[in-house]
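Chemist: Those protein sequences? They're chains A and B, same order as listed.
In this text, residue positions in the first sequence follow my numbering: the first is 540, and each later residue adds one.
In this text, residue positions in the second sequence follow my numbering: the first is 1343, and each later residue adds one.
If you're looking for bench data, these hints aren't it; they were derived computationally from the structure.
Zero decoy hints are in this set.
Where chain B lies over chain A, by a calculated footprint (3+ residues, C-beta under 8 Å):
1. 571-578
2. 581-592
3. 595-605
4. 616-629
Examples of chain A residues toward chain B, derived with CB under 10 Å:
5. Asp567
6. Val568
7. Thr613
8. Thr668
9. Leu670
10. Pro674
Beta-carbon label-pair distances, calculated as ranges:
11. Leu643(A) <-> Ser1423(B): 16 to 26 Å
12. Ala588(A) <-> Asp1370(B): 15 to 25 Å
13. Thr1443(B) <-> Glu555(A): 33 to 43 Å
14. Val662(A) <-> Leu1347(B): 27 to 37 Å
15. Arg645(A) <-> Leu1347(B): 33 to 43 Å
16. Val1349(B) <-> Glu549(A): 43 to 53 Å
17. Thr1443(B) <-> Leu550(A): 32 to 42 Å
18. Glu549(A) <-> Gly1459(B): 37 to 47 Å
Treat the numbers as computed from the prediction; the structure is a model and nothing was measured.
Each residue gets a CB set at the ideal place from its N, CA and C atoms; glycine is no exception.
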Amino acid sequence: MSSDTVLTWELLTVGERLGPYRYACTADVVARFRDAVDDHELEELDGVALAPPALLTFPFLQLVETWYAPRPGTVHARQDFTLLAPLRVGADLTVTGVLTSMHLRRGRRYYEVQASASDERGVEVARSTTLGIYPDVDVERQP
Amino acid sequence: MTGPLQVGAELRPVTLTVDGAVVAAYGDAGRDPNPIHFSDQAAQALGFPRAIAHGMISGALLSRMLTRNLGAAWVTAGQLSLRFVAPVLVGSTVTARGVVTAVDPLVVAVRAETDDGTAVIVGTAQL
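From just these sequences and the hints, can you work out the full model?
Modeler: Now the structure itself:
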C-alpha cells in the first residue's frame, strides 16, 4: 500500500501489519511541539535532552498515514500509551503496528491500531493503542 | 501536587487556550492536514459548529500535567488511557486535572475540561 491510496473503510483489513515506519525525533520537531502546547516540563534528565511523551502521538498516527493517505475527517476516540523509556531528543524511532479491530457502534465506524516504537538502540520506548472514528461523510482534502 | 501523595490528592492543574495559532503550530509539527482542524466548513460537514482542535492537544496537556507532578517516573514508566468524550472547539480554554485514586500502584483519574466545566477527555494514568 502507498500513501497515495486514500484510506477508505473498505481498504482496512483486521490483522494487517503496518510499518516499519521511521520517525526522527529531531530537536526542531521537539521544539515546535513544546512551543505549540506550551510544554516545557522536564526538558532534560541526567544530562539527556528529552521530548514530551505526548509527542509520540505523531509517529503513531503517521504509521497509519504512511500506509494510507490521511483520511480527512477521521477523529480520535481513544488513546492509550504505555511509556517504557524516556523519549530522547535525537532518537530515531522505528514504529510497527497492526490493525486489531474494526467495528460499528451507535452507527459509527471504529478502527483500532496497536503499535510499538523502538529507538535506534533497539530500546522499546512506548506502546500505543489508538481507536479512531472513520467519518460517515466525505470531507474535502486541503490543497 | 496540592497535597501529599494520598488518595484524594489533587495534582497541580495546567491550562492552555487552544486558539488557531496553537492548532496551526500543532498541525504543522505533526504534519496533520486534517481540514476539520482548520476549516469551519469542513468541521460543519461533520456536524461540528466550527473547526475543532486535535484531540491530542488536550491529551498533551494532560501528559504535561503528569510530568509536572510526577516527574521522571512519569516519562519513564507511565501508562495513560484517554477517552475523547467531546470535541474542543478552536478558541476554547482547556484545563487538565488529576486526582489520586490509589497509591500502590499509583492511579490518577485524569480529566481535561473546558472553561464551562465540560469534560473533553476522561481517563486514568498509572505508575
